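> Take the given structure of chain Z and dock chain B to it, following the hints.
For the record, the sequence lines run as chains Z and B. Numbering of the first sequence is given in the working numbering, commencing with residue 1 and proceeding in unit increments. Numbering of the second sequence is given in the working numbering, commencing with residue 115 and proceeding in unit increments.
Just so you know, the hints here were simulated from the structure itself, not pulled from any lab data. Bear in mind the structure is a predicted one, so any value in this text is a computation, not a measurement. C-beta: ideal position from N, C-alpha, C; glycine also. A few of these clues could be false.
Stated by the list, open to error - Here chain B is said to cover these stretches of chain Z; the calculated rule only asks that three of the stretch's residues, wherever they fall, bring their Cβ under 8 Å from a Cβ of chain B:
hint : region
1    : 18 to 24
2    : 32 to 41
Unchecked claim - Calculated cross-link-like contacts (lysine to aspartate or glutamate; reagent style DMTMM-like; alpha-carbon spacing at most 20 Å):
hint : chain 1 : residue 1 : chain 2 : residue 2
3    : Z       : LYS3      : Z       : ASP59
4    : Z       : LYS13     : Z       : ASP38
5    : Z       : LYS3      : B       : GLU152
6    : Z       : LYS55     : Z       : ASP38
7    : B       : LYS150    : Z       : ASP38
8    : B       : LYS150    : B       : ASP130
9    : Z       : LYS57     : B       : ASP117
10   : B       : LYS181    : B       : ASP168
11   : Z       : LYS3      : Z       : ASP26
Claimed, not checked - Restraint-style ranges between C-beta atoms, simulated for each label pair:
hint : chain 1 : residue 1 : chain 2 : residue 2 : range
12   : Z       : ILE77     : B       : ARG127    : 34 to 40 Å
13   : Z       : GLY63     : B       : PRO153    : 41 to 47 Å
14   : Z       : ASP38     : B       : GLU128    : 28 to 34 Å
15   : Z       : GLY63     : B       : ASP117    : 20 to 26 Å
16   : B       : ASP183    : Z       : GLU17     : 28 to 34 Å
17   : Z       : GLU17     : B       : PRO153    : 37 to 43 Å
18   : Z       : MET27     : B       : PHE164    : 22 to 28 Å
19   : B       : PRO227    : Z       : ILE77     : 42 to 48 Å
20   : B       : SER131    : Z       : GLY16     : 48 to 54 Å
21   : B       : MET167    : Z       : ILE77     : 38 to 44 Å
22   : B       : ASP130    : Z       : ARG14     : 33 to 39 Å
23   : B       : VAL133    : Z       : SER7      : 36 to 42 Å
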Amino acid sequence: DVKVTQSSRYLVKRTGEKVFLECVQDMDHENMFWYRQDPGLGLRLIYFSYDVKMKEKGDIPEGYSVSREKKERFSLILESASTNQTSMYLCATGTGTAYNSPLHFGNGTRLTVT
Amino acid sequence: GEDVEQSLFLSVREGDSSVINCTYTDSSSTYLYWYKQEPGAGLQLLTYIFSNMDMKQDQRLTVLLNKKDKHLSLRIADTQTGDSAIYFCAESPEGDSSYKLIFGSGTRLLVRP
Numbered sequence: 001d002v003k004v005t006q007s008s009r010y011l012v013k014r015t016g017e018k019v020f021l022e023c024v025q026d027m028d029h030e031n032m033f034w035y036r037q038d039p040g041l042g043l044r045l046i047y048f049s050y051d052v053k054m055k056e057k058g059d060i061p062e063g064y065s066v067s068r069e070k071k072e073r074f075s076l077i078l079e080s081a082s083t084n085q086t087s088m089y090l091c092a093t094g095t096g097t098a099y100n101s102p103l104h105f106g107n108g109t110r111l112t113v114t
Numbered sequence: 115g116e117d118v119e120q121s122l123f124l125s126v127r128e129g130d131s132s133v134i135n136c137t138y139t140d141s142s143s144t145y146l147y148w149y150k151q152e153p154g155a156g157l158q159l160l161t162y163i164f165s166n167m168d169m170k171q172d173q174r175l176t177v178l179l180n181k182k183d184k185h186l187s188l189r190i191a192d193t194q195t196g197d198s199a200i201y202f203c204a205e206s207p208e209g210d211s212s213y214k215l216i217f218g219s220g221t222r223l224l225v226r227p
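Extracted from the complex, chain Z is given alone in its bound form:
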């Protein structure tokens, strides 16, 4: 079974702090994704990566950056956390193109920015 591990289930940070959310997968998948989930808005794509050191902006990249130095690890960085970034963050992985490969999700990190 594919395992996608997000380093924290819950995080509480202060406004202006730099925040790192980590995601690790054990199935050698090329593609990794960061989504945020908000009530009534579903999942919105922040960034994704299709290879080491490669990244693409999703639909809502503002205020975020990412890092993929190794194939198995994809980090989401909030350069200066703000209260409107309080959300559930979900990491996902996949292989090939989305239309022939389902995504596998981690359990999520619930981030609260105070």
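Frame of chain Z, contents of chain B only:
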């Protein structure tokens, strides 16, 4: 643009059938997916349908696709309390966006005993 819409909430009695509906806008979508999210967990793939199919059945789950109306539905037969969760519809548009999925806002299914 790409958009996927779902109703936000559905309540059914245990043992009844549940039907969760979804509409999408990208007619080039090759696959359409249903994901399930249980409380405190990530999303889990339930089933998917290829765009040249009308129907797919998998045990208690039936997926119906009306490509002309861009309408997708998920029917759960004999709904159980363990089926209470949020269900997300997702499409995979072709072209440059083929790496990503577009998700709906999710339908929260509540199964009453």
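> Counting residues of the region 32 to 41 of chain Z whose CB is closer than 8 Å to a CB in chain B, do you get three or more?
Check passed, 4 qualifying residues.
> Keeping to a limit of 20 Å between CA atoms, is the pair of B/LYS181 and B/ASP168 held or broken?
holds, 8 Å
> Regarding Z/MET27 and B/PHE164, is the given constraint of 22 to 28 Å on their beta-carbon distance met?
At roughly 23 Å between Cβ atoms, B/PHE164 and Z/MET27 fall inside 22 to 28 Å, so the hint holds.
> Take the C-beta atom of Z/ASP38 and the C-beta atom of B/GLU128, compute their distance, and say whether it sits inside 28 to 34 Å.
holds, 30 Å
> For the pair we were handed, Z/LYS3 and B/GLU152, check the Cα-Cα distance against 20 Å.
At roughly 17 Å apart (the allowed maximum being 20 Å), B/GLU152 and Z/LYS3 satisfy the hint.
> Quick one: are B/ASP183 and Z/GLU17 within 28 to 34 Å, going by C-beta?
violated, 47 Å
> Quick check: do three or more residues in the region 18 to 24 of chain Z have a beta carbon closer than 8 Å to a beta carbon of chain B?
This one is violated; 0 residues, fewer than the three required, reach chain B with a Cβ under 8 Å.
> Need the status of pair B/LYS150, Z/ASP38: alpha-carbon distance at most 20 Å?
With Cα atoms ~16 Å apart, B/LYS150 and Z/ASP38 stay inside 20 Å; holds.
> For the range 42 to 48 Å, tell me whether the beta carbons of B/PRO227 and Z/ILE77 fit it or not.
holds, 45 Å
> May I ask you to test the hint 34 to 40 Å on the CB atoms belonging to Z/ILE77 and B/ARG127?
violated, 46 Å
> Check whether the Cα positions of Z/LYS57 and B/ASP117 lie no farther apart than 20 Å.
holds, 18 Å
> Checking one constraint from the list: CA of Z/LYS55 to CA of Z/ASP38, max 20 Å. Satisfied?
Between Z/LYS55 and Z/ASP38 the Cα gap is close to 23 Å, so the pair fails against 20 Å, i.e. violated.
Checked against the numbered hints above, the structure violates hints 1, 3, 6, 12, 13, 16, 17, 22; every other hint is satisfied.
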